[in-house]
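Novice: These are the residues of each chain, in order.
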Amino acid sequence: MRLELHKVRIENVSWGETTEVRRGTLSINREEMLAVAMEEPRFAHAELEITRPGESVRIIPVKDVIEPRCKLSGPGEVFPGFVGGTCTVGEGSTLVLEGAAVVTSGSIVAFQEGLIDMSGPAAVYSPFSRTNNVVLVVEPVQGIDQHSYEAALREAGFRLAWYLADKSREAEVDEVKVYEMEGPVKESFKYPHLPRVAYFCMSITQGLLHDTFLYGADMKHLVPTLIHPNEKMDGAMVSGNCVSSCDKNTTWHHLNDPIVEELYERHGKDLVFLGVIPTLEDTRLAGKERTSSFNANLARSLGADGVVISEEGYGNPDTDLCMNAAKCEKLGIKTVVISDEAAGTDGRSQGLADATPEITAFVSTGNVNEMVELPPMDRVIGHDGSISNLSGGAEESLREDGSMFVELQAIIGSTNELGFSRIGARWV
Amino acid sequence: MKMTTKTTTQTTTTTTTKRVVCYINQFFAGMGGEEQAHVPPLVRPGAIGPAAQVQSLFGGEAKVVATVICGDSFYGEHLEAAREECVRMIGEFKPDVLMAGPAFNAGRYGVACGDVCAAVTEGLGIPAVTGMFSENPGVELYSPQVFIVKTADSARGMKDALGAMTSLARKLLGGAPLGAAEEEGYFSRGTRRNFFYETSGARRAVDMLLKKLAGTPFSTEYEMPVFKRITPAKPLENLEKATIALVSSGGIVPRGNPDHIRVSSAESYGIYDISGLDDLTPDEFESIHGGYDRVWANEDPDTVLPLDVMRELEKEGVFGKLYDHVFTTTGTGTAVAHAERFGREIGERLKRDGVDAVILTST
Numbered sequence: 001m002r003l004e005l006h007k008v009r010i011e012n013v014s015w016g017e018t019t020e021v022r023r024g025t026l027s028i029n030r031e032e033m034l035a036v037a038m039e040e041p042r043f044a045h046a047e048l049e050i051t052r053p054g055e056s057v058r059i060i061p062v063k064d065v066i067e068p069r070c071k072l073s074g075p076g077e078v079f080p081g082f083v084g085g086t087c088t089v090g091e092g093s094t095l096v097l098e099g100a101a102v103v104t105s106g107s108i109v110a111f112q113e114g115l116i117d118m119s120g121p122a123a124v125y126s127p128f129s130r131t132n133n134v135v136l137v138v139e140p141v142q143g144i145d146q147h148s149y150e151a152a153l154r155e156a157g158f159r160l161a162w163y164l165a166d167k168s169r170e171a172e173v174d175e176v177k178v179y180e181m182e183g184p185v186k187e188s189f190k191y192p193h194l195p196r197v198a199y200f201c202m203s204i205t206q207g208l209l210h211d212t213f214l215y216g217a218d219m220k221h222l223v224p225t226l227i228h229p230n231e232k233m234d235g236a237m238v239s240g241n242c243v244s245s246c247d248k249n250t251t252w253h254h255l256n257d258p259i260v261e262e263l264y265e266r267h268g269k270d271l272v273f274l275g276v277i278p279t280l281e282d283t284r285l286a287g288k289e290r291t292s293s294f295n296a297n298l299a300r301s302l303g304a305d306g307v308v309i310s311e312e313g314y315g316n317p318d319t320d321l322c323m324n325a326a327k328c329e330k331l332g333i334k335t336v337v338i339s340d341e342a343a344g345t346d347g348r349s350q351g352l353a354d355a356t357p358e359i360t361a362f363v364s365t366g367n368v369n370e371m372v373e374l375p376p377m378d379r380v381i382g383h384d385g386s387i388s389n390l391s392g393g394a395e396e397s398l399r400e401d402g403s404m405f406v407e408l409q410a411i412i413g414s415t416n417e418l419g420f421s422r423i424g425a426r427w428v
Numbered sequence: 001m002k003m004t005t006k007t008t009t010q011t012t013t014t015t016t017t018k019r020v021v022c023y024i025n026q027f028f029a030g031m032g033g034e035e036q037a038h039v040p041p042l043v044r045p046g047a048i049g050p051a052a053q054v055q056s057l058f059g060g061e062a063k064v065v066a067t068v069i070c071g072d073s074f075y076g077e078h079l080e081a082a083r084e085e086c087v088r089m090i091g092e093f094k095p096d097v098l099m100a101g102p103a104f105n106a107g108r109y110g111v112a113c114g115d116v117c118a119a120v121t122e123g124l125g126i127p128a129v130t131g132m133f134s135e136n137p138g139v140e141l142y143s144p145q146v147f148i149v150k151t152a153d154s155a156r157g158m159k160d161a162l163g164a165m166t167s168l169a170r171k172l173l174g175g176a177p178l179g180a181a182e183e184e185g186y187f188s189r190g191t192r193r194n195f196f197y198e199t200s201g202a203r204r205a206v207d208m209l210l211k212k213l214a215g216t217p218f219s220t221e222y223e224m225p226v227f228k229r230i231t232p233a234k235p236l237e238n239l240e241k242a243t244i245a246l247v248s249s250g251g252i253v254p255r256g257n258p259d260h261i262r263v264s265s266a267e268s269y270g271i272y273d274i275s276g277l278d279d280l281t282p283d284e285f286e287s288i289h290g291g292y293d294r295v296w297a298n299e300d301p302d303t304v305l306p307l308d309v310m311r312e313l314e315k316e317g318v319f320g321k322l323y324d325h326v327f328t329t330t331g332t333g334t335a336v337a338h339a340e341r342f343g344r345e346i347g348e349r350l351k352r353d354g355v356d357a358v359i360l361t362s363t
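Sequences listed follow chains B and P, in order.
Under the numbering used here, think of the first position of the first sequence as 1, with each following residue one higher.
Under the numbering used here, think of the first position of the second sequence as 1, with each following residue one higher.
FYI, nobody ran anything at the bench for these hints, they're computed from the structure.
Fair warning: there could be bad hints in the mix.
[Said to hold, decoys possible] Quick look at which bits of chain B chain P covers, simulated, 3 or more residues with Cβ under 8 Å:
(1) 358-364
(2) 405-412
[Unchecked claim] A short, non-exhaustive set of chain P residues, derived as facing chain B with CB atoms under 7 Å:
(3) MET208
(4) LEU213
(5) VAL336
(6) ARG352
A virtual CB, placed ideally from N, CA and C, is assigned to each residue, including glycine.
Here chain B stands alone, though its shape is the one from the complex (with noise of 0.2 Å):
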């Protein structure tokens, strides 16, 4: 299976008479844009605004974050069971708007939606902050209940992110980059003396508005499957979380993902990567236990000898890592986690909520609960009242000045558990 992403870097996003790319700069017609959001009869009004990196803009509060992608050839679209059909995609070629951002924001859906700051010291915790961002700020039909104004905001933004990638098909590609390889029987026969991985992708399944959804299938019905690596660069599977957002996979990042990165980039010199099992959170412990077996049974037949797990999440989450770990390493198969940690605003609690001595090799990617001390910014896109409501924040996190006192994971991306940025808890 042969993907080329045709990469077009964005250095600066403004309105323009059309929507397209030019020299690095995505210009974007208001009206038109606002229209395709528009299409969407559950909202009852919708903004649009723009924001680069370095401004001094806070965008609160922050469902979602989607990179503009449509498919240039090959079968299927972007986004499918949304924006595509429900064709299997990952072959072919797909433009990328590299360097800018759909961002759905609005009146809160629901408690654990977070903030991006375009600079100060938020900035360097959030990938969002260095991209150049398109918000969709929507107010939903009065009546509405929240899981249908969850699920309108959730696919204006892959529509959104679809059609500014759709207008930009005439723009100068700067980087192809091509990402080639067979399944997993194929490619281990190629490559008989390399370690086999395979990568567990964990993903909040638990209903309630946390939701993930591939090929537009909610995966809380699901048993865990095997796609491709390249299927997930097309957005098979996407966010519908409200979940705390420091450790939500957005949509971004699984278009994104960076275990999928150093996988591939290692294929066939260090190890054979064997594809990606997206599985479940469930709620249940019945539901753990048969997820955890399918996972580990799953890898077992590859013909696996290791395992990248990747959390989403805290709290009951936890248990379900330590399953999955404890289910192969019972098989024999070596596993890796990565993960959060939720120790307190000072530090001195343990971290997870559940443990168990199989998980030897543990990726920190921070607490989530130390404090950040956030300026005020010259304009805010939202409402930073909001603040008070989010996972992180409190009553008094707001000052008066518009500064914010608040944990770290009232900041979107900033301790993800695919490990996507340099983060990590240590002890001092």
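Assemble the complex: chain B is given as a structure, and chain P must be docked to it using the hints.
Specialist: The following block gives chain P in isolation, referenced to the frame of chain B:
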């Protein structure tokens, strides 16, 4: 909310000479061995014994203004008096930092160094550094509060120990940001702090897995915590006479959240009188939990905190009496240390009030 030690790393560098007080025992002061271990605290101006080396390591950056000396037996046998006197003596010199020891593997000396450092940090609000061998009992006793540099087991390691202690003291004095325990060579104080590694978490994970697969050494970034196992209480013998309480981490509170319990990472819980109530109505109660979809909990708060059913069972005589208060918090992202405290406090109160059993509802 405290930023803990972070403030010490954020002080800006100044060119003024810092003031250092050293603490040593009678032996390193050249007063004698065991036969002089009973000497009470005394102070000498300037740098005595190893303090002279501390002075030369600091160069012009800092001046050792005094050395406080105390016999090891005296400190151990008169812990509170010795501590008080030493802190008073040290405080009079208005130091910017205290350097104690190093104590190597000397147990009583280690305890004295750890204790005086802890007292000075707390009482004078200045950083303190000491040094010990890993098996010194002072490490276990004081490493949670005190910066203890790892040293050899005897004074043969004096040069390295003082070098490491001085380098750490410089950082605590604001010279450079404090690094992780492993890097700086001190015993961890049991505190996790965020740092930026050279490489991404994903790369570190693949590197670690490849090492694990190859059977080569690797170091995990977090050792698995060991959970306390609580033995469950014995089953009730007589349900018909039992008083039962409702306790929930599901975030059901009186509307408006009068106690300002946080939606996540809660550091408090609420206690609410339900003695006159048969039902939790949405007019009076709501869920403020940040970790689940509250739609149905807000339509009927009994879904999470089942007062209505409990009242019915109470009336039917299935159990004796429903305790007249409920305890609630939001159980999402809550630090285990806080959760333990909630549990202990709630348990103590319920026991005091003669409650026989508790129904815990979670979400």
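Novice: Work down the list of hints and note, for each, if the structure agrees.
Specialist: How the hints compare with the structure:
no. : hint    : verdict
1   : 358-364 : holds (count 6)
2   : 405-412 : holds (count 4)
3   : MET208  : holds (5 Å)
4   : LEU213  : holds (5 Å)
5   : VAL336  : holds (5 Å)
6   : ARG352  : violated (27 Å)
Checked against the numbered hints above, the structure violates only hint 6.
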